[in-house]
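Undergrad: Given next are the chains, with one letter for each unit.
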Amino acid sequence: MAKVTLNINNKDYPMEADPQMPLLWAIRDLAGLKGTKYGCGVAQCGACVVHLDGEAVRSCVTKVSRAAGKKVVTIEGLSETNSHPVQKAWQEIDVPQCGYCHSGQIMSAAVLLREKPNPTDQDIDDAMAGNICRCGTYLRIRKAIHTAAEMQKKTAAKS
Amino acid sequence: MNKDNTALNRRSFLKASILSGGGMLLTVSWLSGFKSADEAEALNVPEQWARLNGYIHIMPDNKVKLICPNPEFGQNVMTSLPMMLAEELDADWKNVTVEMGPHDPAKLGAQFTGGSNSVRMYWKPLREAGAAARQMLREAAAQTWNVPVGEVTTKAGVLSHPSGKSAKYGEMASKAAKVSVPKELQLKAPKDFTIVRKSKKNVEIQKITSGKPLFGLDYSVDGMLIAMIQHPPAFGMKLKSFDAAETMKMPGIKDVFSVKLYEDGFEQGGFDTRTFNELLVVVGENTWAVMNGRKKLVVDWEAAGDIKDTIGGRGGKREVIVPGALESTTSQMQQMQEYAAKPAQQLRKDGDPESAFNNAAQVIERTYNGPFLAHNCMEPMNFFAHVTDEKALLAGPLQAPGWTEPTLSKLLNLPADKIEIQMTRMGGGFGRRAYGHYLYEAALISRKVKAPVKLMYTREDDMTYGIYRPMYTATYRAALDTNKNLIAFHVRGGGIPEHAIHANRFPAGAVDHYLAEGWQIPSNITIGAFRAPRSNFNAAAEQSFLDEVAEAAGKDPIEFRLELLKRAKENPVGKNNEYDADRYAGVLKLVRDKSNWNKPGNEKYNRGVAAYFCHNSYAAHVVDMVTRDGQPYVERVYSAMDCGIVINPDAATNMVQGAVVDGIGNAFYGALTHKDGAAQQTNFSNYRMIRINEAPKSIEVHFVQNDLDPTGLGEPPFPPVFGAVANALYKNKGKRFYNQPFMGEMDKAI
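Chains as they are written, first to last, in my numbering: chain A, 52 to 210; chain B, 59 to 808.
It is worth saying that the hints were derived from the structure and are not from the lab. Keep in mind that the hints are not guaranteed to be accurate.
Below, a list of computed lysine-lysine pairs in the DSS-like style, where the Cα atoms sit at most 27 angstroms apart [stated by the list, open to error]:
| id | chain 1 | residue 1 | chain 2 | residue 2 |
| --- | --- | --- | --- | --- |
| 1 | A | Lys-139 | B | Lys-318 |
| 2 | B | Lys-353 | A | Lys-205 |
| 3 | A | Lys-194 | B | Lys-121 |
| 4 | B | Lys-468 | B | Lys-508 |
| 5 | B | Lys-259 | A | Lys-205 |
| 6 | B | Lys-652 | A | Lys-114 |
| 7 | B | Lys-256 | A | Lys-114 |
| 8 | B | Lys-353 | B | Lys-121 |
| 9 | A | Lys-139 | B | Lys-647 |
| 10 | B | Lys-165 | B | Lys-318 |
| 11 | B | Lys-265 | A | Lys-205 |
| 12 | B | Lys-755 | A | Lys-204 |
| 13 | A | Lys-114 | A | Lys-54 |
| 14 | A | Lys-194 | B | Lys-307 |
| 15 | A | Lys-54 | A | Lys-139 |
| 16 | B | Lys-468 | B | Lys-613 |
| 17 | B | Lys-307 | B | Lys-246 |
| 18 | A | Lys-139 | B | Lys-259 |
| 19 | B | Lys-165 | A | Lys-139 |
| 20 | B | Lys-152 | B | Lys-318 |
| 21 | B | Lys-755 | B | Lys-407 |
| 22 | A | Lys-122 | B | Lys-259 |
| 23 | B | Lys-508 | A | Lys-139 |
| 24 | A | Lys-194 | B | Lys-468 |
| 25 | B | Lys-657 | B | Lys-647 |
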């Protein structure tokens, strides 16, 4: 066990944790933020995706030691008012069914949109293939990412 | 307006009271006209569970709150059920909020999510509840304004009178609560709907996109411990002994012990599965501590041998011997082939199939196989329990609390009124969470450690535990006369541990000589309902077979089916045919038209069609396949559904699209195989799930427009996807595929 401070959503969380502990469990069990989901534990499903210094990582295979000193952003911190273009697009298209995988989907999509503000279907399939949706909402995920791209463009044009 | 007084005249079940702080609380309870569906019967739903209560709260600030009785697992019932209520209440949808109710059968009824029954079951009672409340609000306004009640109208939460008087519902709610409950109700005609049939957003969408703790795994209380169960490595094994010394030295570990799920001779309910009875439990401070501690366990497992289970339930008490062998997929396939060659239990017989086959000009015989399938809900099985000597609190993802509580009460020796079960949003269900074993396990663990506990299955625990879709086979035979007419049809289906045959479904009723038989092989691999139980295999096999028969008869596959359905409509064979031939034909015609079937412009596609009826709704799909990177790929799908009135069209479309994706994924990739009793797929690394790059580019969903009472959508669109994919694959590959999953695991196993 070691003392470690994680910066999650711009807030410091001092904790005692095994440095080998996956970031996922530090976020969920020690910081008490439940938006990031456990799906497989072996980087196969993407339910646990968070941003580490802006990059999408699978928190189930990212050690706490790697996250120390970096900025962690979870679904709770993606925007203050549930208003990131991806969140807004998800709401507009009404993407989810059960909803469990969608914090991971949204976190993956947010990085895709930053890297490729105008993604094609192929770009989306390539970037999102690591996120399983058992309910099969993939067509709406594609549509919502295109919608989010449009929203992002409009916001950029205004500012 | 539809006059509706049956339920109210039979019994007076409405109770109104004033909310503390003002406003109206309407408690409603009816014995509705619910009849158990064929699937419901399979799920053992007691009829009295159709007794429904609803809670309507109308607050002084005009907010309308509905307690949703049925657990939500993604079928969007938390939105569609309140829509029915709000429709007849004439509520302003913007003011409606929804809360999930706790398990409270005396007040909230069946509370069962499954069998595509939620919408169907609640359609009448919730509209009646809304209409009653609206009537009482009108009465209150009439008294206040001293005008005849007939002159008071409602619209979007506002009461009005031609004189210009008007009031919001909240202003009249307290007074309305004192009005006597109406003896007769007027329900709206479908043409007057303003909420139902208009797409409404998921009432929990904001919470989902912001990561609110909605799910069972998210449920947490101070001092809560985490527990995991180390299951035996194979079906047919059990715990012999264990040494926990090393585990106990690990940081954060609180306890290691074994506990029995059921004592010998315990009478299990119909949905009380027992994959493993002796549970080896590790309890610790947090998830990672328990995961690590588990790795240090030193355990001896041994063969369990044959085990006797005592099962109660509606059919009376019976004893079942669960065989102890360590089974493998290869030996299971062999065993199934042996059984398939022998005559089996006759399920239905029309005419004289034997002579018809003997005298046929042509006989086609084909055998289809389908593997065990794991549900793989994205949220693995888990439950929270806090059990003391006096009471028990349980919270988590559960489809059928009413089937779970009686057993829990016996296991804990606590009366039902000392047990509180809260249903969280479920991260998928697909039938898996109708089996409450994980709730019992959590409760027994909490009682043992005397603390609040969250039992959690890892993905591996979840995938290898069982409760799978059974392993199925079916051999179909068709006899054609010299004019290529279908004169006889024979299906003999079997499975481990049960067969999939629905003997009274199409094409029964459309063929003069018909025989359906079934057989089953007992197994220690546990099985359960999986999205459209049995139908999900039947539709694959039968719809693929009919395609082949149509080809042999030289007919278009849609025309061939329509001719059979015409026969079933005009001159049905036998009396007990479950389907409505007109509605069945209706979805085929709709999908034919919308997909431009046989019309130019679709040459690049390998097209496959299939249709099926189950869970009271009708579905047809046309699947358009192409070859992409050397692999078959479903690029486009057209779907036609008949589920009567569509409550929430956009959500219904989402559900059908999801079922299509799920069907393609399971048809191509889904399989759970075994070697010496051990599941060979343990996580998503070796159990292939369909991903976004494998999903179609478009799935166009069309609904037959009619005013029939609504039926469910969670299951019906799923089964025929398999058949349509199989038929498109034949066009794509030039050969028929008979073994699921089509991408290969099963073929290798044979």
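Undergrad: Now tell me if each hint is right for this structure.
TA: These are the hints, each one checked on the structure:
1. A:Lys-139 with B:Lys-318: With a Cα-Cα distance of about 49 angstroms, the restraint between Lys-139 (chain A) and Lys-318 (chain B) is violated, given a limit of 27 angstroms.
2. B:Lys-353 with A:Lys-205: With a Cα-Cα distance of about 52 angstroms, the restraint between Lys-353 (chain B) and Lys-205 (chain A) is violated, given a limit of 27 angstroms.
3. A:Lys-194 with B:Lys-121: violated, 33 angstroms
4. B:Lys-468 with B:Lys-508: holds, 19 angstroms
5. B:Lys-259 with A:Lys-205: It holds: about 24 angstroms lies between the C-alpha atoms, which stays within 27 angstroms.
6. B:Lys-652 with A:Lys-114: violated, 52 angstroms
7. B:Lys-256 with A:Lys-114: violated, 47 angstroms
8. B:Lys-353 with B:Lys-121: Not satisfied, since the Cα-Cα distance of roughly 52 angstroms exceeds 27 angstroms.
9. A:Lys-139 with B:Lys-647: violated, 38 angstroms
10. B:Lys-165 with B:Lys-318: Between Lys-165 (chain B) and Lys-318 (chain B) the Cα gap is close to 33 angstroms, so the pair fails against 27 angstroms, i.e. violated.
11. B:Lys-265 with A:Lys-205: Answer holds: Lys-265 (chain B) to Lys-205 (chain A) is near 25 angstroms, not above 27 angstroms.
12. B:Lys-755 with A:Lys-204: Between Lys-755 (chain B) and Lys-204 (chain A) the Cα gap is close to 24 angstroms, so the pair holds against 27 angstroms.
13. A:Lys-114 with A:Lys-54: holds, 14 angstroms
14. A:Lys-194 with B:Lys-307: violated, 51 angstroms
15. A:Lys-54 with A:Lys-139: Distance ~38 angstroms between Lys-54 (chain A) and Lys-139 (chain A) Cα, so the pair is violated.
16. B:Lys-468 with B:Lys-613: violated, 59 angstroms
17. B:Lys-307 with B:Lys-246: The hint is violated at about 68 angstroms.
18. A:Lys-139 with B:Lys-259: holds, 13 angstroms
19. B:Lys-165 with A:Lys-139: Violated: Lys-165 (chain B) and Lys-139 (chain A) sit about 37 angstroms apart, past 27 angstroms.
20. B:Lys-152 with B:Lys-318: Not OK: Lys-152 (chain B) and Lys-318 (chain B) at ~50 angstroms, beyond 27 angstroms, violated.
21. B:Lys-755 with B:Lys-407: Between Lys-755 (chain B) and Lys-407 (chain B) the Cα gap is close to 44 angstroms, so the pair fails against 27 angstroms, i.e. violated.
22. A:Lys-122 with B:Lys-259: Violated. Lys-122 (chain A) to Lys-259 (chain B) sits at ~34 angstroms, over the 27 angstroms cutoff.
23. B:Lys-508 with A:Lys-139: violated, 44 angstroms
24. A:Lys-194 with B:Lys-468: Violated: Lys-194 (chain A) and Lys-468 (chain B) sit about 50 angstroms apart, past 27 angstroms.
25. B:Lys-657 with B:Lys-647: holds, 14 angstroms
Hint compliance for this structure: hints 1, 2, 3, 6, 7, 8, 9, 10, 14, 15, 16, 17, 19, 20, 21, 22, 23 and 24 are not met, and every other hint is.
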